[in-house]
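*Asks:* Next come the chains, spelled out residue by residue.
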Amino acid sequence: MSFKTLFSVLAVLVWVVAITCGVTFAISFDQTPGARKDAPSDWPQGTSIERFAGKPSVVMFAHPRCPCTHASLVELRKVLHQARRPVEATIVLMYPPGAPERWTATDLTAMALEMPGVRILHDLDGRAATRFGAETSGDVMLYSCDGHLLFRGGITQSRGHEGDNPAADSLVGLLNGTSSGMSQAPIFGCPLFDAKKP
Amino acid sequence: MSINARQPTDDIDERTRSLVGQQHLILQRRNSRLFAGLLLAEYIAGVVIALFFSPRTWWGLDSYVHPHVITALTLGFAIVSLPVAMALRWPAYALTHHVIAAGQMLMAGLLIHLTGGRVETHFLIFGSLAFLAFYRDWRILVTASLVTGLDHWARGMWWPQSIYGELWISPWRWIEHVWWVAFEDVFLIIACVRGQKDITAQCRRQADLEVANQLVEERASTLALNEQRYHFMADNMPQMVWTTNAAGQQDYGNQRWHAYTGLSQAAFSGSGWLRVIHPDDVDRCNTLWNTALASDKPFEIEYRMRRASDGAFRWHLARAMAMRDDDGNVVQWVGTCTDIDDARRTQAELRQAHEMLEHRVANRTGELQRVNEQMSRTQSTLTTVLNSSLVGVSVYESIRDPSGAIVDFRYVMINAAAEGLLNKTQEEIVGQTLLGLFPGVAVDGLFAKYAKVVETGQAIRHEHYYLHDGITAWFEESIAKFGESDGFVVTFADVTARKLAEQQMHQAKEAAESATRSKTDFLANMSHEIRTPITAIVGFADMMLDPGQSKSDWHDNLQTIRRNARHLLELINDILDISKIEADRMSVERIECDLSALLADVLSLMNARAGEKGLALTMTFASAIPRTMVTDPLRLKQILMNLISNAVKFSHAGTIELQAEHQQVDHGGLLCFRVIDSGIGMTEKQIAGLFQPFTQADSSTTRKYGGTGLGLTISRRLARLLGGDISAQSDYGHGSTFEVTVEAELPADVSWMTNIDDATAARETDGRTDEPVRLSGRILLAEDGRDNQRFISAMLRQAGAEVVIAENGRIAVERVEAERFDMVFMDMQMPEMDGYQAASFLRAKGYTLPIVALTAHAMSDDRTKCLQAGCSDYLTKPIDRQLLVRTAAQQMLKAAGGSPGQIEKRANPVSALQQGAGPTEPLCSSLVDDEVMRDVLVEFVANLSHEVFTMQQAMARGELDSLRVVVHQLKGAGGSFGFQGITDLARATEASIHAASAVEQVRSEVESLIALVRRVDGYNGAAEVSHAR
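These protein sequence lines are chains A and B, in that order. The first sequence lines up with residues 1 to 198 when you count with my numbering. The second sequence lines up with residues 199 to 1227 when you count with my numbering.
Wrong hints could be hidden among the right ones.
Below, in silico cross-link-like pairs of lysine to any residue (SDA-like), each with a Cα-Cα straight-line distance of 20 Å or less [unchecked claim]:
#1 A:78 <-> B:316
#2 A:78 <-> B:835
#3 A:4 <-> B:292
#4 B:650 <-> B:622
#5 A:4 <-> B:288
#6 B:1169 <-> B:1122
#7 A:78 <-> A:88
#8 B:835 <-> B:759
#9 B:622 <-> B:601
#10 B:835 <-> B:784
#11 B:811 <-> B:932
#12 B:1063 <-> B:789
Treat the hints as calculated values from the structure; they're not laboratory data.
Construct the entire structure; sequences and hints are all you get.
*Replies:* In structure tokens:
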């Protein structure tokens, strides 16, 4: 076997290994859910987010600059579109302390603003998120008309990837009354808080 | 041309393959570089897309580069790094193309992932395959399709949103994608194959074009070169070269042509060339040229052409030949003109010189023939001389090794004599090497002598005894070298005969000297042996002349004289035999004889003598013995009697055996007799000198036992004359064995006997008897010796004859002519007229009466000589009395017309002894030398005749008592007087008488006894007669 052949074969082997490692990294990034805390089973008291009685309330916590949350907004729009009864939908944009000006002036904010019937709130210092136990962008919670938590989690299968997924379907079922009970789903998105902050 | 070295098709195929390979190389390099750029562009696009869609990820207020960007950077780099590197490094390497294909498809997959699995991005896959088809290699498409299929299958299984943009997909979604890929692959593969074919066809066309161009170029080049060569050759040829068109119009002439004719190309073209032809040759030339043009056959002519330089017409030989195209049409004539003017002139001169040479050769040939004839005659003469020479001539040349040493010689020539001497033909010898034919010359030094002659040049003459290689001969050789050459000649003659003659002369001289010495010794011995009895005879004769001698002394002296005289006679007989033998004049007869009778005689004679000493003589046969054989019976009898006599002489007790055996040997039969005694024996030394003359075991033997010492010598010589020999073996003190053999030539009708009884019976059958004979008639005795006259006449008168004496031959003849005689006894040595002359004369006169020769010559063939002279029989001196009487009786009876048997009828009826001794052998007493017994012994002998007479009378009358008394007296007295044989025989006879045996047996035994008594030495037969009267 010539040097050329030997070298080529060895290089191909190394090449395959390297590509495999790269793919594995990509998969693990995409499919690793973000952190979260337990959400309050009933709409918390004293929060700045107002709950309207008689309608279920959907609350999504989003990082205004998280590229992965685009897919969550798309999926939320699909869910709201599929809901056959009025839903009070709120997108809470994280506005951490010390955030620069125009922190929320992003494509994501614009996209959220374009969503009909959706209320956009800025969560200064993340207080609301803290109250609701949200730590990852794209975290969605559904509270029933009487303020009980029905759903908690992300509505994408992986980071930044749109598409039908069980969590979104479960949310639609709960909204339409076709399913009942509490649903949980992993959340794929950027962390809402700094690493230093819990 | 090199293009012809290989088939153009092979070249085109090879060139096509080469061009296709080049095209592929170009395609591969171009495509690899294209994909290197494309991959890099995709990489950049991936990074850009990642940066565009998700440049950073956020963690509260903190932002970081988004993992998608990192993925695009790292994974994208990982994907494109190897394909790009290999595309740049080994763009034409097959693995590079497959790595590029895999990398391209993976990059497409990455871009799909980065775009979130957008379906639109999937078109990149189809685009990538289309790009990869640029390689025109369907295998690359397969690799790419497999990678894509695998990517779709794996991500569909575990990461569907990455490739399909959706979370929930059908498990067979990847197959759908792969199917579309395969669908495209079909077209792309077809396109690849067609593209490949197009490339091959294009390359083929290009190769065809290239090969065609090359052929055209090469042929054009060859054509130009050939034309250049043609013109060069034509211009440089000594001949003029020209060409014409098919119609015969000249269009080219070489430089030589123009130079010779002085015509320009314009003047020469067409038929202008005829202007330089000699006017006398123009018509002939035109005719032949037109004929050649019409027939297209070669044109050849000799004509004269004018040379421009001096205007001289010179002879030329013109030749032209038509050139044809592939269809056989004449397109051109090519011709040459060769100047043969000098050649023609030279040829003429040569012809003249040749004629002169022929003339001279004829003259010289005649001279040579004469010289050859002269040489032939000379050589013929020389050859004749050489071949007629009795001397052998050999010519050699030297053979040397590389160092110059002589290793052999080669025969160049030999003459006829040499062929005979060397026992080989000329063809066998000439050309061969000396050592090859006669290797013996290296052994006996002859080769060295030849080499020396060649090296030194000095001739050698020598005599040489050659005993090798089948040749045994003496040669006298002369060796001489040929001048300074390396050859030499050997003349040689066979001198073997001369050498042998010289050796024989030398041996003869030595033999003569030895014989002289022997004669001297012989004479000395004879002198002693003869003087001894003569001394006694002369001495006792002198004593008898003394008148004072008593009758008794006188008788004693007479006995002594008689005994010594007999010894002297015996001695002389032996000497005569020896003399004959020494003179080589002893001859033996070869007549058929009765062996049985011979043996019976021998036994009869010797048995009595053995009996006298108390010895028993027996005969045994070791094998069957022929009854008759061809030999000399007298000599054989002499030999046997000598041997038995010796055995008796040297034995004191025991037995003597005569053993006979017939032996068959290669050359015939031998009769062997062994005389085995139990006597004193001999030592080895004594045996060694036994057969020398005058030799007995030692000198004391002679004194003790008597004898001349010549007997064995004579016997051995006689045995050898009879074709045999005598040998002796002895155990000292215990006896000896003498073996005599004689050649046994057998008659055709021979019968065989197996024991002595056969022999005896045969003898009795023969009816032979030895009886005293009585004579009646007149006998003339021609004898000059007075003593012999008295002695012989007395014996004849005693036998009854009337005797007349003649002193010589002449008187004998006169008396025969004057008187009537019944026979003549003729002494052959007489004065005036000897017996031979007298006998011849009488026979010439027609007298037929018997003439019996008496001669003392026992040295030669006297018997034959006498018979040739006309004698009827032959007797030798000293005369045996009974033989004399019997011979006379036989001759007279024969003359009277009777048979020998009639004599016996007339004689007294006295039968022979059964085994008695013959009448010629006297029987001596063992007491003969006893002085005390001498007187009584003489008296006993004197009375024996009376005893014989008495027995004859008693037998005649049948008086057995009287016979027994006499026989008894003989039995007692015989042994007492030293005659043991008489006692023994008398005892046997007495026993027969007592036993009242048959009369014939008694008669036979009595006759044997009488015969034995008659043989007693000193027996007086006359007294017996007187008794009878």
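*Asks:* Against each hint, give a clear statement of whether it holds in the structure.
*Replies:* Against the structure, the hints:
1. A:78 <-> B:316: Satisfied, since the Cα-Cα distance of roughly 18 Å is no more than 20 Å.
2. A:78 <-> B:835: violated, 179 Å
3. A:4 <-> B:292: Holds: residue 4 (chain A) and residue 292 (chain B) sit about 11 Å apart, inside 20 Å.
4. B:650 <-> B:622: violated, 26 Å
5. A:4 <-> B:288: holds, 9 Å
6. B:1169 <-> B:1122: holds, 17 Å
7. A:78 <-> A:88: holds, 15 Å
8. B:835 <-> B:759: At roughly 28 Å apart (the allowed maximum being 20 Å), residue 759 (chain B) and residue 835 (chain B) break the hint.
9. B:622 <-> B:601: violated, 32 Å
10. B:835 <-> B:784: holds, 16 Å
11. B:811 <-> B:932: holds, 17 Å
12. B:1063 <-> B:789: Status holds; Cα separation ~19 Å.
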